[in-house]
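Q: One-letter residues, chain by chain:
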Amino acid sequence: MSNTQASNGAHARIYVVVFVALLALTIVTVSLSYLHLSVFPSVLLALIVASIKGYLVSNYFMHLISERRLIYAILVLTGIFFLSLIFLPLSHFHDRVG
Amino acid sequence: MAHVAAVAHTGNHHEHPLGFLQKYIFSQDHKVIGLQYLLTSLCFLFFGFSLMMMMRWQLAYPGQPIPFIGGLLGEANAPGGIMLPEFYNQLGAMHGTIMVFLGVVPLAVGAFGNYVVPLQIGAPDMAFPKLNMMSYWVYFLGGVTMLASFLMPGGAANSGWTSYAPLSVIATMGQTVWLFGMVFLITSSLLGSINFIVTIVQLRARGLTFMRLPFFVWSQLVTSFLLLLAFPPLEAAGVMQLMDRLAGTSFFMPSGLVVAGEVMPYSGGGSPLLWQHLFWFLAHPEVYVLILPALGIVAEIVANNTRKPLWGYNSLVYAAIFLGFMSFIVWAHHMFLTGMGTVISTFFQTTTMIISIPSVIILTALFISLWGASMRFNTQMLFALAFLPMFGIGGLTGLPLGLAPTDIHLHDTYYVIGHFHYVVAPGTIFALFAGVYHWYPKVTGRMMNEFWGKFHFWGSLVCMNGIFMPMFVQGLAGVSRRLYDGGQQYAHAQGVFHLNEWMSISAWMLALFQIPFIINFFLSSRKGRKVESDNPWEATTLEWATPTPPPHGNFTVVPEVHRGPYEYSVPGHLRDYTPQHQPEKA
Amino acid sequence: MQIPYTVAERPDTGVFNAKLGIWLFLASEVMLFGALFSSYILLRTGALAWPHGYTILNVPLATLNTVVLITSSITMVMSWVALRNRDFGKYRKYIGGTVLLGFVFLIIKAIEYGAKFEHHLYPSENTFLAIYFTLTGLHGLHVIGGMIVNAYFWGPGSKMWVTDPERFTNRIEVAGLYWHFVDLVWIFLFPVLYLL
Ligand code: HEM
Ligand SMILES: [Cu+2]
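Protein chains in written order, with the working numbering: chain A, 2 to 99; chain B, 51 to 636; chain C, 1333 to 1528.
Heads up, a few of these hints could be off.
Stated by the list, open to error - Some chain A residues near chain B, calculated using beta-carbon distances under 8 Å:
no.	residue
1	Ser59
2	Val77
3	Phe82
4	Ser85
5	Leu86
6	Pro90
7	Ser92
8	His93
9	Arg97
Honestly, the hints are just simulated from the structure, not real lab data. Computed from a prediction, not measured in an experiment: that's the story for all the values here. Don't be surprised by glycine CBs; every beta carbon is placed ideally from N, CA and C.
Modelling step: build the complete structure from the supplied sequences, incorporating the hints.
A: Below, the structure is given as structure tokens:
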């Protein structure tokens, strides 16, 4: 924690920018839902917006952007298992006999 | 929760004496916690085994009153001492649950992991001592909850250790208690696994690089990752099943379910298969949780008693990592019979065949390590040596279960029971016994009796095979598991039914052969031969560099590591072992 | 006895113990919520009919709650910045604000739940409501957990600022990581349950 006051001030400004962006994206995603698009585009758009928001929160508020390799490695591993947990059961449900 | 993770020991430099409660009950010392885990899990193992001994009576002599204890089981369970099918189901479900979640895992990870890992990496304690203490007590709470479920109306959980829906959702009260118990046990495992990973990654002594870690530590590291990432989906599934049972939701309840001629009052729309996916997402990695620490213990003991380096240490490590990774994507080989299409079934068959490779590598490396060694055949080595072929049988008989064409016939027969018991009983349990004999002198400062140790070993070896070998025969004949009368009413079981008696007698004999172990275990701590040095087995790893027994804080001098874990019989060295902390060759 | 790297970073891994611990914990949380999301997808794709969230649930209230939670995230991170600037007074204000915003979130959630129960919409009604109540309920429990931790660091736990400021700052960082994660989960829950 050898950060100087100045760089903390810079961080604080970034946090405020991120905060405003998150608010804006919340408005975007709610407005999109009022368009009543069909299932596929609405899911896609909602997920894209949510992912951007997730990216902002994890990278800035949780400062992943300057985190160590060790933490990344753990998260990548978790990500792989997360995806297999989502998609393997799903593919079973789409590939069924009887 | 974040707070808990952040709490660490506020080091007290001057060891002011702790009260009894702090020293033995709510201790934060990893060694005391390890011993708490050891004693508790051994009790649960014995309890789970006792349930099985009652079941074995029913299988061997269906419909006959159980001698001695039959009258104590209560009219609701065994009127006139004759076991009811409902009670058999409770015993079976609780045997599986207790053995896996309350016996073997807490013994392998909670006890051995806790006691040995910090010592082997040269750490003063676990990274989060308070968390460690909590993890034990939450486990204890889970255990008590599970035991209490026998007192529920309708008795304990009776839908098997797998708790398949929809059966489990409409089952008696005991299932709810089972689910709460599981939530406690999962929480305890999570706390423990975070602690292990942080300890191993952060608290290694100077010079102890990852590729110098004893294989036991590696096995615990991989195991912790499995527990960390595989258990949460079961926790989620447990919450959903609780919702189904308590709030009337239909996560696992299909539409229009009719039970005993009555339409069930569920809105429907749920999927029983969803439960199976979430359950096996945990339960397959769980089998590696059962076996990896055992492999770690065996590796330590083999290296120590062959007086040779392990053959292929690097390939052992990489195989263990690969095994851990793959174990997350093979789970649906337990579900070939659920109407799986060919594509997805091929995927899981392939991953299953792939995962057998690292297991074979590990086993082969351990076998080759024996080559040309002048071995010391002490008790722990005997158990470790027996582990190898027993685990081999368990593993090889698993291959036909991983291929759909054969599994369709073998699924849910006694063949499956035989297969996984070879892995966990004469496999893992033997390794755990070996671990007890091996580390006993470090913990107590005294040796266990060798004669009774060997007696224990030979008796157990014979009996274990007496129980489990005939299961393959019965299974191949098509006898289903979970039959409360051992298949008496089925034509195809008639030719193999008589084996039940023999198997049951072996099971009871097995119990008798544990008596010398229990006596040896307790008596030797008082009467056993005192060890002459801190390193009675002349081993190389760091746990033997501590005083005996290790004090709070473990090491008198902060250890520094200069070499790999298994430098035995290095040419040019004076002695046939060179401890890891020894600076130059001597 | 002193456990190493409780405050300082271990040189070769670059992290202190609790930092690694909390990320591991969050990894397990990802798998926990991942399993529930997986269940949601399976139930939905397998269902004959599935209601749009906005036909049953209150989108304006949930939007408000999203804003509340995002705001609590920035107060949380600001409390950490304040500590790094050695401004304890400011820290207390921000962390206190975070706890209060958590309360506001729970109150709004309770109003939502109440409205559902009034219309006899219980979890047992259909699988949509089942997963809605389960996911938001579990998330709510996480909010409560985080509030307890933060309240502790606002009150009695903050004594450590005097004895060991470095370590206290680390603790707030770690508590923050957890709190942001709870926010992150909501960011996905909100569109999935309410808007699709
Ligand atoms: C050494 C003594 C043991 C004996 C004699 C024994 C015997 C049995 C038998 C006969 C069954 C089948 C019951 C039935 O299908 O009706 C069974 C089931 C089972 N056993 Fe064991 N077992 C032993 C140890 C273990 C150990 C050490 C573990 C785990 C680590 C274990 C885990 C299980 C599980 C998970 C089941 C399946 C329960 C179910 O069907 O839900 N057993 N055991
Ligand atoms: Cu499996």
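Q: Hint by hint, note whether the structure agrees.
A: Here is how each hint holds up against the structure:
1. Ser59: This interface hint is violated because 16 Å lies over the 8 Å limit.
2. Val77: This hint is violated: valine 77/A lies away from chain B, its Cβ roughly 12 Å from the closest one there, beyond 8 Å.
3. Phe82: Since chain B brings a Cβ to about 5 Å from phenylalanine 82/A, closer than 8 Å, the hint holds.
4. Ser85: Where the cut-off is 8 Å and the nearest Cβ of chain B is about 5 Å from serine 85/A, the hint holds.
5. Leu86: holds, 6 Å
6. Pro90: holds, 4 Å
7. Ser92: It holds, given that the least Cβ distance between serine 92/A and chain B is near 5 Å, below 8 Å.
8. His93: holds, 5 Å
9. Arg97: holds, 5 Å
Comparing the model with each numbered hint stated earlier shows that hints 1 and 2 do not hold.
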